[in-house]
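Chemist: All chains, please: the whole structure from these sequences, using the hints.
Those protein sequence lines, which keep their order, are chains A and B.
With the UniProt record's numbering, letter number 254 in the first sequence gets 254, and the count goes up by one each step, no holes.
With the UniProt record's numbering, letter number 93 in the second sequence gets 93, and the count goes up by one each step, no holes.
No wet-lab data here; the hints were simulated from the structure.
Just so it is clear, CB atoms sit at the ideal spot from N, CA and C, and this is done for glycine as well.
Be careful, since some hints might not be right.
[Unchecked claim] Straight-line C-alpha distance at most 20 Å; calculated EDC-like pairs for lysine to aspartate or glutamate:
hint, chain 1, residue 1, chain 2, residue 2
1, A, K297, B, E360
2, B, K105, A, D359
3, A, K297, B, D309
[As the list claims (entries may be wrong)] Pair ranges (Cβ atoms, derived):
hint, chain 1, residue 1, chain 2, residue 2, range
4, B, T50, A, I141, 24 to 30 Å
5, B, S104, A, D2, 43 to 49 Å
6, A, H131, B, P365, 21 to 27 Å
7, B, E324, A, D130, 41 to 47 Å
8, A, K154, B, S58, 17 to 23 Å
9, A, S47, B, S167, 45 to 51 Å
10, B, H84, A, A205, 50 to 56 Å
11, B, E54, A, R246, 39 to 45 Å
12, B, I411, A, A108, 51 to 57 Å
13, B, Q409, A, S47, 38 to 44 Å
14, B, M169, A, E109, 43 to 49 Å
15, A, A205, B, G107, 48 to 54 Å
16, B, D309, A, D2, 57 to 63 Å
17, A, D2, B, E79, 22 to 28 Å
2 protein chains.
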Amino acid sequence: MDAEIIAVGSELLLGQIVNTNAKFLSQQFAEMGVNVFYHTVVGDNESRLTLALETAESRANLIVFTGGLGPTKDDLTKETISSHLGRKLVSDEEALDSIKAYFSKTGAEMTENNKKQALILEGSEVLPNDHGMAPGMVTTIKGITYMLLPGPPKEMEPMFLSYGFDSIMKKLETHERIESKVLRFFGIGESLLETKIEDLLEKQANPTIAPLAGDGEVTLRITAKDSSREKCEAMIAEVETEIISRVGEYYYGSNETSLIKELVKELTVRNLTIAGAESLTGGMFQEQLTSIPGAGKIFKGGIVSYTNDTKANLLKISDKTIDEYGVVSGQCAIEMAENVRDLLDADVGISFTGVAGPDEQEGMPVGTVFIGMAFRNQESKAERLNLSGSRAQNRIRSVKYGCHYLLRQLIE
Amino acid sequence: MDAEIIAVGSELLLGQIVNTNAKFLSQQFAEMGVNVFYHTVVGDNESRLTLALETAESRANLIVFTGGLGPTKDDLTKETISSHLGRKLVSDEEALDSIKAYFSKTGAEMTENNKKQALILEGSEVLPNDHGMAPGMVTTIKGITYMLLPGPPKEMEPMFLSYGFDSIMKKLETHERIESKVLRFFGIGESLLETKIEDLLEKQANPTIAPLAGDGEVTLRITAKDSSREKCEAMIAEVETEIISRVGEYYYGSNETSLIKELVKELTVRNLTIAGAESLTGGMFQEQLTSIPGAGKIFKGGIVSYTNDTKANLLKISDKTIDEYGVVSGQCAIEMAENVRDLLDADVGISFTGVAGPDEQEGMPVGTVFIGMAFRNQESKAERLNLSGSRAQNRIRSVKYGCHYLLRQLIE
Chain A
1 MDAEIIAVGS
11 ELLLGQIVNT
21 NAKFLSQQFA
31 EMGVNVFYHT
41 VVGDNESRLT
51 LALETAESRA
61 NLIVFTGGLG
71 PTKDDLTKET
81 ISSHLGRKLV
91 SDEEALDSIK
101 AYFSKTGAEM
111 TENNKKQALI
121 LEGSEVLPND
131 HGMAPGMVTT
141 IKGITYMLLP
151 GPPKEMEPMF
161 LSYGFDSIMK
171 KLETHERIES
181 KVLRFFGIGE
191 SLLETKIEDL
201 LEKQANPTIA
211 PLAGDGEVTL
221 RITAKDSSRE
231 KCEAMIAEVE
241 TEIISRVGEY
251 YYGSNETSLI
261 KELVKELTVR
271 NLTIAGAESL
281 TGGMFQEQLT
291 SIPGAGKIFK
301 GGIVSYTNDT
311 KANLLKISDK
321 TIDEYGVVSG
331 QCAIEMAENV
341 RDLLDADVGI
351 SFTGVAGPDE
361 QEGMPVGTVF
371 IGMAFRNQES
381 KAERLNLSGS
391 RAQNRIRSVK
401 YGCHYLLRQL
411 IE
Chain B
1 MDAEIIAVGS
11 ELLLGQIVNT
21 NAKFLSQQFA
31 EMGVNVFYHT
41 VVGDNESRLT
51 LALETAESRA
61 NLIVFTGGLG
71 PTKDDLTKET
81 ISSHLGRKLV
91 SDEEALDSIK
101 AYFSKTGAEM
111 TENNKKQALI
121 LEGSEVLPND
131 HGMAPGMVTT
141 IKGITYMLLP
151 GPPKEMEPMF
161 LSYGFDSIMK
171 KLETHERIES
181 KVLRFFGIGE
191 SLLETKIEDL
201 LEKQANPTIA
211 PLAGDGEVTL
221 RITAKDSSRE
231 KCEAMIAEVE
241 TEIISRVGEY
251 YYGSNETSLI
261 KELVKELTVR
271 NLTIAGAESL
281 TGGMFQEQLT
291 SIPGAGKIFK
301 GGIVSYTNDT
311 KANLLKISDK
321 TIDEYGVVSG
331 QCAIEMAENV
341 RDLLDADVGI
351 SFTGVAGPDE
361 QEGMPVGTVF
371 IGMAFRNQES
381 KAERLNLSGS
391 RAQNRIRSVK
401 YGCHYLLRQL
411 IE
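Modeler: What follows is the structure, encoded as structure tokens:
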């Protein structure tokens, strides 16, 4: 089954909202083993929507629409498909009842145009809307399956998970499974990583290997097709082992994880607490740490020492260090990490000091960053980075490198 | 000029990332008065990309590509367009130099495939990449303009703003101007705001008024069309004045601003310094403050007091307060704000304490948040919030309310 996802809505073409529906549905179809070859976004315009529909019919046999099922005049997805396919729109009693129920529940006043929402393509399977009024529907005509879903993600997503998913699965003749696994790397560039596994990329067929780079990280998505999950997973494991044997030192986790999640995990299993002292990152490391539920077990807190005063008075950095080496130095980074560790009575201290930009500081160029790490009963150390991004990128990369270095030291 | 935006990347079709590039570019084109009638997403596949290209040529005269300009084998946007248009790919010296410079700066290892990134369509205008390696390009052939941009938003967005925007503007024949202004509101719901300006929304034509809600904020985009910028701006000003007269108390800024930017601005003009003490927000307020260049003038730093120990030992919260009222209380919020202000010798202290979730705390339900504000020579106060979102939403909303309350107090 080859799918195309068509999002209908002028607000998308005006850039007022982003098409998260296509992402959600694509993930779902990837797991079902349905190929998605195109996403299309078109406005609330009958002729252009018809054109998009004809284009999709020429290249897909599953066409999924999101949006345009609302009560207003510019919601015309159903009407357009109805006239294109020559299928009447009929009122669905159950849908109408649930719309009436919705209004009596909320106490709002039901208007004539709300009845329009109960109209469905004659002969189609109705997908109930448990979080709104417009029902979804599925119908297959001349070998092409048309699925209509509402636009609001909070209605569309539960509708697809509760009803749409199974409705599609029933139509899949093939029993072929698709499994994939994402390997995550940090500290190596995309092109260098690819050079190291070039032969694997060359001869890839099944499983496939898809590299993706972003925010200083590189991921490899390994996707296998076979008759059973077990067979797929075995095929993936074989490729994975080969890749890890070559670039394992940069590998930090698989699938839905992140450097910060891995850090919280590794600190938790070792029952270690951490404290942070941040200058250029301004609290980003601590904010990310606390974005993870349960971080309270390992995170004591920390200090954002954005001025030299704060470094001296609150974080107790010695004048000697500030005068002799400056605040953008390995010495200062180490003292920050040790002091925040001791001030908060944590097992590990980490610090970030450097020049985020746009202006240089202490004669140090933008992108110069020192990360200090202080473990109890171990020699503290500082790592130097020379980053070349924007202010925002330099801050983000610094936090990622901090997690990367700490993870290395924890695992060693 | 009718535009179509084609995003190239299998990761989009697999649902690994969302197509924010289409949103960004659509916003830009809306402001330029260029109609965007379609977005298309296609994978890293030559034949399907060619098909998408042919479809776009049949319905648009400006085709903008994002993605597929990278160094790897599955980056084939340039190559596909080159063979489709019969235009050679030639190496651009400047681009090659900047790629070499990029590597020498970062000290990373340059590989053969990086040279591929310096290839451009012969005769095209090069759009320099100030945040990465792959240059963009623009060329017009047989009345159709093709623009190629890199995929990573951190590279694509500044490239378009610095070079792409003007390159398109030059090609626009029309002399009709489109100007728009976004008014930003916080502390009022979308539906309440709409009721207060219902009559204006009813009779809107030129200028148009488009409401949009998200993350607890509501914006109104006013868009006017006329022969000159001045005329547009006068039309916008009239509508704006009327709106502000009705809901001005919730208005905080216009166009590309944010609550945090306004806060930095207001503190700067008043020459006031600030310090923060954060529990549930874990440093998010301070991280956002320091994301703004120049925050160093007004931000001293702060404390992330994630445990009761840290509140007691580092932030000097009295045992009495913690025992009698608990850490999730207005009393604790006020003491946090006053203490961090005094510890860092700032003019203003702000604090965030509460229950982000998923679990309740001290018998307080998830979403209970206290924000403390302590100005010198003024009575300190705390505001209570009862939020109903996820852990992440509750943290973000808390920071926004903190900025909102501080701004109110500064302006009064």
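Chemist: So which of the earlier hints does this model not fit?
Modeler: 8, 9, 10, 12, 13 and 15
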